[in-house]
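Peer 1: Going down the list, the protein sequences come from chains A and B. What the first sequence shows, in this note's numbering, is residues 1 to 195, in sequence order. What the second sequence shows, in this note's numbering, is residues 196 to 797, in sequence order.
Everything labelled a hint here was simulated from the structure, so no lab data went into it. Worth double-checking, as some hints may not be accurate.
[Stated by the list, open to error] Keeping only pairs whose Cα atoms sit at most 27 Å apart, straight-line, the calculated BS3-like set for lysine-lysine is:
#1 B/Lys284 to B/Lys355
#2 A/Lys77 to B/Lys346
#3 B/Lys355 to B/Lys280
#4 B/Lys676 to B/Lys594
#5 B/Lys499 to B/Lys599
#6 B/Lys625 to B/Lys594
#7 B/Lys476 to B/Lys594
#8 B/Lys435 to A/Lys77
#9 A/Lys77 to B/Lys355
#10 B/Lys355 to B/Lys301
#11 B/Lys676 to B/Lys599
#12 A/Lys77 to B/Lys432
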Amino acid sequence: MSALPAQSAPSPIRRRAWIPDILRPAPDRAARPKPRLAYAIIAVGGVVAIALAQLMLSIAVTQGAYEIDGYELSQAKLSRQQQTLAEDLDRVQSPQYLAQNAEALGMVPNTNPVFLRLSDGAVLGQPAAAGGGVAASAALVPNALISGVPLVTEQSAGETAPVGGQGAGLGEPVADPVAPAPPPVSDSLPTPTTH
Amino acid sequence: MNRISRHPMRRILAAGIVLVVLVGLFVARLIDIQVVRASALNEQAEEVRSTDPITVYGARGDIVDRNGTVLADSVMRYDVALSPKNAKKSKITRDEPDPADPKKTKQVEVPLEQTAAELGAIVGLTGDQVLGIIASELADDPDSDFAYVAKLVDVDTYEKVRELDIPWVVQYPHPSRSYPNGAVAGNLLGFVSNEGEAQAGVELGQDECLAGEDGEVTFIPSLQDWVEIPGTEVVHKQAKDGGTLQLTIDSDLQWEVQRIAEAQRLAVGAQWATVTVMEAKTGKLLAVADVPTVDPNDPGGTDKEDRGSRTFTAPFEPGSTFKAVTAASLEDAGLANPLSQVIAPYSYDAPNGANFRDSFYHEDTPYTLTGALIDSSNTATAKFGEQMSDQARFEYMQKFGFGKVSEVGFPGEESGDLHGGPDGWDNQTKYATMFGQGLTTTAVQIASAYQAIANDGVRMPVQLVEGCTDAEGNTTAPDVKGTRVISEKASRETTEMLENVYTQGWLAPQWNIPGYRVAAKTGTAQVADGNGGYLTGYLVSVSGYAPADDPEFVVSVSIMDPVKMNSSAASAPVFQQVMSQVLKKYRTTPSGAAAPDLPATW
Numbered sequence: 001m002s003a004l005p006a007q008s009a010p011s012p013i014r015r016r017a018w019i020p021d022i023l024r025p026a027p028d029r030a031a032r033p034k035p036r037l038a039y040a041i042i043a044v045g046g047v048v049a050i051a052l053a054q055l056m057l058s059i060a061v062t063q064g065a066y067e068i069d070g071y072e073l074s075q076a077k078l079s080r081q082q083q084t085l086a087e088d089l090d091r092v093q094s095p096q097y098l099a100q101n102a103e104a105l106g107m108v109p110n111t112n113p114v115f116l117r118l119s120d121g122a123v124l125g126q127p128a129a130a131g132g133g134v135a136a137s138a139a140l141v142p143n144a145l146i147s148g149v150p151l152v153t154e155q156s157a158g159e160t161a162p163v164g165g166q167g168a169g170l171g172e173p174v175a176d177p178v179a180p181a182p183p184p185v186s187d188s189l190p191t192p193t194t195h
Numbered sequence: 196m197n198r199i200s201r202h203p204m205r206r207i208l209a210a211g212i213v214l215v216v217l218v219g220l221f222v223a224r225l226i227d228i229q230v231v232r233a234s235a236l237n238e239q240a241e242e243v244r245s246t247d248p249i250t251v252y253g254a255r256g257d258i259v260d261r262n263g264t265v266l267a268d269s270v271m272r273y274d275v276a277l278s279p280k281n282a283k284k285s286k287i288t289r290d291e292p293d294p295a296d297p298k299k300t301k302q303v304e305v306p307l308e309q310t311a312a313e314l315g316a317i318v319g320l321t322g323d324q325v326l327g328i329i330a331s332e333l334a335d336d337p338d339s340d341f342a343y344v345a346k347l348v349d350v351d352t353y354e355k356v357r358e359l360d361i362p363w364v365v366q367y368p369h370p371s372r373s374y375p376n377g378a379v380a381g382n383l384l385g386f387v388s389n390e391g392e393a394q395a396g397v398e399l400g401q402d403e404c405l406a407g408e409d410g411e412v413t414f415i416p417s418l419q420d421w422v423e424i425p426g427t428e429v430v431h432k433q434a435k436d437g438g439t440l441q442l443t444i445d446s447d448l449q450w451e452v453q454r455i456a457e458a459q460r461l462a463v464g465a466q467w468a469t470v471t472v473m474e475a476k477t478g479k480l481l482a483v484a485d486v487p488t489v490d491p492n493d494p495g496g497t498d499k500e501d502r503g504s505r506t507f508t509a510p511f512e513p514g515s516t517f518k519a520v521t522a523a524s525l526e527d528a529g530l531a532n533p534l535s536q537v538i539a540p541y542s543y544d545a546p547n548g549a550n551f552r553d554s555f556y557h558e559d560t561p562y563t564l565t566g567a568l569i570d571s572s573n574t575a576t577a578k579f580g581e582q583m584s585d586q587a588r589f590e591y592m593q594k595f596g597f598g599k600v601s602e603v604g605f606p607g608e609e610s611g612d613l614h615g616g617p618d619g620w621d622n623q624t625k626y627a628t629m630f631g632q633g634l635t636t637t638a639v640q641i642a643s644a645y646q647a648i649a650n651d652g653v654r655m656p657v658q659l660v661e662g663c664t665d666a667e668g669n670t671t672a673p674d675v676k677g678t679r680v681i682s683e684k685a686s687r688e689t690t691e692m693l694e695n696v697y698t699q700g701w702l703a704p705q706w707n708i709p710g711y712r713v714a715a716k717t718g719t720a721q722v723a724d725g726n727g728g729y730l731t732g733y734l735v736s737v738s739g740y741a742p743a744d745d746p747e748f749v750v751s752v753s754i755m756d757p758v759k760m761n762s763s764a765a766s767a768p769v770f771q772q773v774m775s776q777v778l779k780k781y782r783t784t785p786s787g788a789a790a791p792d793l794p795a796t797w
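Build the full structure now, drawing on both the sequences and the hints.
Peer 2: Structure below.
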């Protein structure tokens with residue numbers, strides 16, 4: 001019948017109070033607690049911190065972009081250097097270049113297979129002196145990449161020029177500067193000095 | 196206040212509905228942008244991005260030999276271009292040391308002539324030529340913004356031009372191809388055009404394996420520094436590198452064989468020569484020399500006919516080297532053995548009306564099959580050969596691989612011509628095919644036939660490509676299944692006969708390789724002149740294999756028209772040197788016992 005919980009004890013004087021049809025609890029106008037400053041600070045501070053972090057990250061990423069650009073430039077430069085060196089190496093490794101240098105030293109190709117067995121010093125096959133006067137093989141199998149590239153062995157060929165020319169130029173008989181005295185043979189074989 | 200809303204729930208509901216409607220609007224707008232109009236908006240955004248598509252070059256694959264030596268690789272070259280209208284208009288200032296005070300620098304205006312001279316000096320032109328380029332471009336089109344100064348310059352030149360720091364000179368990268376070993380294997384490798392299109396050889400035949408694909412990217416760069424803004428790169432097309440092609444060729448051996456062949460070609464004054472070195476047990480080509488050879492770095496430096504590989508593309512009538520094939524066929528059919536006997540006249544009138552004679556005069560000689568090969572007697576071979584039907588001989592030829600393109604599939608490779616079989620042979624041809632005339636073959640087919648005889652009668656497919664390894668590392672290799680052509684017994688007996696040709700023939704002193712048993716046959720063939728007759732020059736050839744007790748290598752030499760030495764003696768030294776080199780290089784064990792002697796006559 002009524003929403004009012006029947007908690008009140010009946011008053012001694014039973015007076016019929018006017019009870020409205022609909023009873024509602026009175027709005028509780030209890031004072032709301034004052035909002036805590038801490039929460040506000042945390043909320044706003046959080047937003048500010050996030051914005052700041054985003055800004056910092058963006059700066060860092062842009063900085064990284066510049067660094068990347070710098071590295072890419074230097075990588076391109078280094079790979080160009082690498083290509084130049086690789087092409088030089090290919091040129092020098094080519095068989096035509098090796099053959100030219102060998103022939104500048106006076107070597108000739110030899111196709112006579114003769115084997116020397118090291119265990120007992122036996123020679124298998126029939127050794128024969130390689131025929132000289134073979135045409136320069138550079139012209140036979142050309143390589144456009146080595147045209148104009150100076151030979152490695154030409155300088156030593158110049159140093160070991162025939163003595164006759166030098167002697168005649170100097171005008172006095174000079175002891176042969178090209179052939180040094182044979183080194184004294186010790187117990188082991190004399191080894192040539194190599195660069 | 197009197198009027199308290201009697202339905203606070205309604206207020207809440209109304210607020211909720213308004214909220215939902217707002218959110219719904221946003222969601223609808225979102226779907227519209229992200230899903231419905233996405234592609235159209237993307238396209239609009241693309242147009243606004245500030246770079247044109249930038250090409251990311253996919254490198255063309257390398258070609259390497261069997262040991263990994265690089266025979267062809269891709270390099271970056273540069274095209275130097277300038278803007279003629281800017282060249283005329285802009286002034287270049289440089290810091291140069293002040294003549295008055297060496298420690299200070301001052302800005303000096305550099306005249307166009309000096310700049311042009313400096314630029315020209317680097318790329319190999321004179322200053323006047325550079326000015327001429329500018330002037331002629333401006334004469335055609337006063338607003339011309341682009342003219343090439345030099346094409347395909349190397350990296351050093353590129354760096355020097357960059358150092359000049361001329362604002363109206365731009366250099367464009369131009370991927371190119373370099374062949375480090377020059378003309379070594381030039382006939383096989385082929386070459387590419389300036390635009391990178393393969394034009395000949397393995398570059399063309401295996402282009403699928405070697406070709407890379409260029410990619411495209413765009414990105415948004417910063418305005419002043421042209422630095423890529425991170426996260427803005429869009430890959431429109433992924434670049435793909437080409438695969439690495441490995442050949443069965445040994446480049447050292449190839450160089451040596453080319454050197455020997457060219458030296459002999461020049462010595463005997465021949466038009467061309469080919470040498471084929473094949474592994475007997477596997478059919479893999481170790482060296483294929485066609486001299487004169489093209490240097491792929493400079494294809495224009497060689498005549499057009501010499502730029503290919505005649506081993507595959509030039510069929511010729513093989514001549515007497517074909518007699519070994521006839522003998523092997525007879526052996527396998529059981530119709531003859533090394534000691535079979537005939538009496539051979541100098542000039543033979545065949546039952547069907549054909550007539551032919553030997554290359555040297557002799558009385559009627561009692562030849563064994565061995566003797567027919569040693570003396571290379573056409574009439575003796577014919578008398579043996581007519582014991583087999585033409586159809587059977589034709590079928591053996593087909594089994595040996597004649598009349599069809601070899602398994603290499605070289606660009607432009609010819610199949611030779613057997614004239615369609617005995618039905619297409621006239622009476623003379625029926626006999627001529629017994630000793631290698633009246634049909635055409637390529638050099639590689641001859642080598643492959645000898646490989647079948649050498650390998651106990653099993654013919655292995657001829658192989659030039661070892662395999663193709665693509666950019667991810669997957670390798671594809673061709674099929675290698677052999678087919679039996681003749682029996683082991685026939686192969687052994689033919690080998691013994693050929694060994695006797697080698698030791699008892701007239702060229703024995705010239706092609707002697709001490710320590711090894713070698714089986715070989717010479718041939719001196721007439722060359723058709725295209726009008727039904729024959730030229731005066733000959734095609735001299737030698738084909739053989741070693742060591743005969745367990746064959747490892749087949750060498751086949753052909754020399755065209757050696758005017759200074761018109762016999763097989765021209766090709767014998769090449770055979771001797773090449774075979775010695777091959778045996779030495781691969782450390783083949785020398786043969787133990789000597790070859791068994793077979794009688795030439797009875």
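Peer 1: For each hint given before, does the structure comply? Return the numbers of the non-compliant ones in rising order.
Peer 2: none
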